[in-house]
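Asker: Residue numbers (the working numbering), protein chains in the order written: chain A, 1 to 240; chain B, 1 to 233; chain C, 1 to 286.
One-sided and incomplete, this derived list gives chain B residues near chain A with beta-carbon spacing under 10 Å:
{"#": "1", "residue": "Asp128"}
{"#": "2", "residue": "Asp130"}
{"#": "3", "residue": "Leu131"}
{"#": "4", "residue": "Val133"}
{"#": "5", "residue": "Met135"}
{"#": "6", "residue": "Arg136"}
{"#": "7", "residue": "Leu138"}
{"#": "8", "residue": "Gly139"}
{"#": "9", "residue": "Ala140"}
{"#": "10", "residue": "Thr141"}
{"#": "11", "residue": "Thr148"}
{"#": "12", "residue": "Glu152"}
{"#": "13", "residue": "Arg154"}
{"#": "14", "residue": "Ile155"}
No wet-lab data here; the hints were simulated from the structure.
Note that CB positions come from ideal geometry on N, CA and C, so glycine has one too.
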Amino acid sequence: MTTTYRLSGVQHVYGERCVVDIAHLSILEGEILGIVGPSGAGKSTLLRLLNFLETPTIGHIEYRGSAYDGDVPLSVRREVTTVFQRPMLLRRSVSANIRIAQRIRGGASGDALIDQWLDRLGLADLTDAPIRTLSAGEAQRVALARALVVEPSVLLLDEPTGNLDPYNVGLIEHMVRSDTDRRGMTTVVVTHDPFQAKRLADRTALMISGRVVEIGETEQFFTDPKQPETRAFLRGDLVY
Amino acid sequence: METLARGFGEAVQLLLEFEPALLEIVGLTLQVTLIALAIALVLGIPIGAALGLARRIPGRSVLVPLIYTGMGLPPVVVGLFTYLLLSNQGPMGSLEWLFTPSGMIVAQTIIALPLVVGLTMAAVQAVDPDLPVQMRALGATRRQIALTTLVESRIGVTAAVVAAYGSIISEVGAVMLVGGNIEGETRVLTTAIVLETRKGNFALALALGIILLALAFITNFVFYRLQLRQGGP
Amino acid sequence: MRLRIWLFVVVGLVATSCSGDDASEVHVLRLATTTSTNDSGLLDSILPAFEEEFDTRVDVVAVGTGQAIELGQAGDADVILVHARAREDAFVAEGHGTERSDVMFNDFIVVGPTDDPAGIARLSLATDGFRSIAGAEATFASRGDDSGTHSKEMALWAETGITPDPNSGWYKSLGQGMGETLNFANESAAYTLTDRGTFLSQSERLPALAVMIGGASIDQNVDPALLNPYGVIPVNPDKGGINVDGAAEFVAWITSVDTQEAIGAFGVDAFGQPLFYPDSEAWRSR
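Using the sequences and the hints given, assemble the complete structure.
Answerer: Written out as structure tokens, the structure is:
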């Protein structure tokens, strides 16, 4: 199995604080990697590094065999995208918000593709609805459609279902799973909810204080964790 | 009270008669105002957007207060400055723009520009700071991020356009000084109002004032409809 | 409700405190006049004597003759001091004012660019100068504001039989005050008709302009049409709210020999010649 990302000796520092400190981490082609951990563990920062939104202070991130220092080619950047916890939509219609992703890439606007995604995510009736009229779940589904319509080869999800009801959580998880499998996409999902990782991820990692404490096959991670911190976290103890 | 009633009557009559002299004044008013507005927008929106987006520009701590001051520039001071600039002894005297519509456009552009820059900057800064991050995560270039943010702040930018338009169409000090209120050449609604008031033709002056307000209202009505369509208010 | 009661109390207190102070109550006289009397500094120079003598504050509204007359017609002034003889007579004839009295005069002059493209400097009559200007289509700046000066200019054009057209290119109708019109003429190499006082007081800042018709002082002005008489008219008391006594006192005071002397002395120090010449009946028969 090939790797999409290989991190070695990566540290990222904000001011005096080292928020990410990863000695080694490989993210595999076509897998869904779940990252769990308490808030402040550096999960979101890790995603920002993986999306090339920031450059690590020390060490390097190898993406598909190449390490980039600062200047990441646009074509490489455009293979990756992130859905954040807040959907960050434009004050326009639903379809315009999905079209913007295509526009950014300069591709011809594929209205058929947009309709397809609206349909898959149960938004077909809302095509022309203004964004401010959407519920939180609908808005997050639009954000997911916006990410998937350009068929990224890496999808990063940062607490994508943080405040949503079970119906929306189920719909979004289903869509992520099916698109990952259909296109062989690599997906990293950061979540504070261990059950989401358990449902969705092929492998799961626990991050605490910027470090990856344990990583393993999801089933093994939950049934037979090796590290005491993982056991504590899964018991629901407070870990830092 | 009588003068007021007479003014309204005369305004209606003037409009119905389509008097050529009045049409010329209205035409020049719109021409000068709209050209000055267009120049101010073409220059001011990119500058305002740049200042709103890039928070680390050298000299910003001086530039921004300077723009805020410019937003409240007394038109008569702008008029005086433009007058001296364009006068025969001034550095731009050779253009021979004093007492011409071009000179008036220069003065009004100077009045409108800080308003456009300042309000565009504020509008762009009011956009959620996470939006550019999301756009970059979608693979946008810096240019695309800037453009998307600007479009997202369009309601605020429309307010900048409205404020600039209102301030220059109703402005009298600068156009009087720089234009000279020459009949058939540089006389606009505001200077005509001053003139008719001085002549004691209060009813006619009021009629012209009503026409000026109507022009402002019609244009603002159009702007507001645009704003509504953009997802406002 | 309580607020309204309080308002009554406050208003009442203010009212009592005002009327209880009768002894030192200041009378106010509203004088509507033309910009030339005010901008030249004449009123500032002579009015304090009146204010002291009659314990009256004079509120000066300095506007164009047209607006000054309109203010009188509306009863928004107690007395007017203007210079447009025909309109002054009409004002009285229509019953807006009681009686017109001569006060003073100065004169108009024609000024123009020093290189004199219309060749009028050798002429002595304004109408001849106007004909040459129109013939040469040399730029002419008109006040165009219904002021006394503008009325005089139109009367002169009427005498020449020429009706200048504001859209002709050479005739510029500005609709502005004398100072602005002189600035325009200075910048645009234009001829214009001006009262001598305003031109004298600004001539330092008008290097491109020189006197063409009217001579260096009023003694050398040989065109009787250029004389510029000022009259004073009390507004008709029927308008209501008019300070009748104040207006009468003002007319008597400004035409008195003492005040006339002060008018004749004004400006001599600064310009080497008076800006206004006394001309009241009392002065002429002193």
